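Colleague: First to last, the protein sequences are chains P and V.
For the first sequence, the tail end lands on 257 under this note's numbering, and the numbers increase by one without skipping.
For the second sequence, the tail end lands on 679 under this note's numbering, and the numbers increase by one without skipping.
The hints are simulated quantities; they were obtained by calculation from the structure and are not laboratory data.
Remember, predicted model here, so these are calculated numbers, not experimental data.
Just so you know, even glycine gets a beta-carbon here, dropped at the ideal spot from N, CA and C.
Mixed in with the good hints there might be a few duds.
What the hints assert, rightly or not - Straight-line C-alpha distance at most 25 Å; calculated BS3-like pairs for lysine-lysine: (1) 145(P) with 183(P); (2) 477(V) with 145(P); (3) 145(P) with 88(P); (4) 88(P) with 545(V).
Unchecked claim - Example chain P residues on the side facing chain V (calculated, C-beta under 8 Å, incomplete): (5) 158; (6) 172; (7) 213; (8) 215.
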Amino acid sequence: MSRTARTRLVFFVSLLALWQCLCLLRLWPAYVLPSPLDVAGSVVDGFGSGLFLRAILRSLGRILEGYGISVAVGVPLGLLLGRVKAVQDTLGTVALGLQALPSICWLPLALLWFGLSERAIIFVVIMGALMAVTLATADGVKNLPPIYVRAARTLGASGLFLYRRVMFPAALPAIVSGLKLGWSFAWRSLMAGELLFVTVGLGQLLTMGRELNDMSRVIAVMLLIIALGLGVDRLVFLRIERLIRTRWGTQPHA
Amino acid sequence: MHLGMEGVCKTFLGSRHETPALRDIHLEVESGELLCIIGASGCGKSTLLNLFAGLDKPDSGSVRENGQEIQGPSPQRVLLFQEPSLFPWLTVRDNAAFGLEAAGVPLAERRRTAERYLDVVRLGKFTGRFVHELSGGMKQRVALARALCLEPKVLLMDEPFAALDAQTRDSLHEELQSIWRQTGTTIVFVTHNVREALILGDRVVLLSARPGRVLREFRVSLPRPRHFEDPGIAEAAREVLTDLRREVMKAELEERGMA
């Protein structure tokens, strides 16, 4: 075990111990501050009854759909935005403006447009991630090292080939940080949407916990949401970023 | 392929200053010639190559290839840059084959060609590597192979070996001379290193300080292959250096005046 890992382990174990001690002092009733064991029990119950798994699958399904659409639209849009001045001056301004609007503010509009449906939530997720992905891609293309394009042109590359084989990969490090940012925005938007608009999902588990006054369930679900968000970040984005940093030479090769 | 410049002027417009880069350049490059251009840094040497490459347009005057005005870049006239310009997302082999890919050559054929030229620059063992795994000298050799794959009529080289250590540079000088002898490619080689110019060039053209003008021309008739330590090179270098020093001083004075 590395030194950092050991320090971390000690820290979290002490934190849990402190929490348990506080509960044993019975300063607050259990519905205000449940003990770590209560929370652990809720996690076991939640997974045992299949409730958590169903919610996770629904939430992940929604985010994959919403985020997938954001990426599929945002990356090409960003490429266009970064290279064509007229698009940048028009749509670029709109995108910048929309980014200032927290995506959950789209929910009332989405509900009026799509009704109380799955599409309303997906729409909110898209509006959360789309601008981040688009703007990061546009930035990446705008700031890509000109040497790549010049080298490619002198070797006879032009048009779509130049976009596909040079500009897109050259901008990839910036695009990936946009994708990562987009993912975290999408995740936040989804949770906000699910909280307000009750249907099966992680957000609904939180709302339900509150309605049942079940604090240990609320905390259990919060931990679950943290774990999922962090998990995707570590398992997917961190790996991609590392690979790109090494290969693109933006970081000394380890 | 014969290259020519006539009355070429080029000025760069900044937000505040105009920077004249080239003034009234007349230059002819014979087919199959290896021409070296030297000058103080900032004298417009790179601009001159960019014009031949078709990556830039002159403000006035004409830049021609076999009598035809140059309209834009062409894989027949490949420019090699001083800074690393390989694509880090491609393997060495795919980097070398990039120009062929752009030209629509089928995969198997372009890989074969790329491997052949990577052998020529002695990187046959590194075809599957990525760019970040190579040293500076190896990168420039891949860039050379990438250009050679296109079998261009003209190679434009912008101080491609400036950032390399002496040993690597020596061996690349030899490789370049032998490639040039075998292919008969027209080469325009820009450098600020007088000895390098004398080792490589049939003819050496000295550009003035900014804005660049052609100051003098030297014919080099020493026997090939030439090396850094040849006494003939040292002797010829002395003559050229006297002229070059004067231009470097002028450039410095001008920069101080502008600051």
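Colleague: Just pull the numbers of the violated hints for me, sorted ascending.
Modeller: Of the numbered hints given earlier, those the structure breaks are 4, 7 and 8, listed in rising order.
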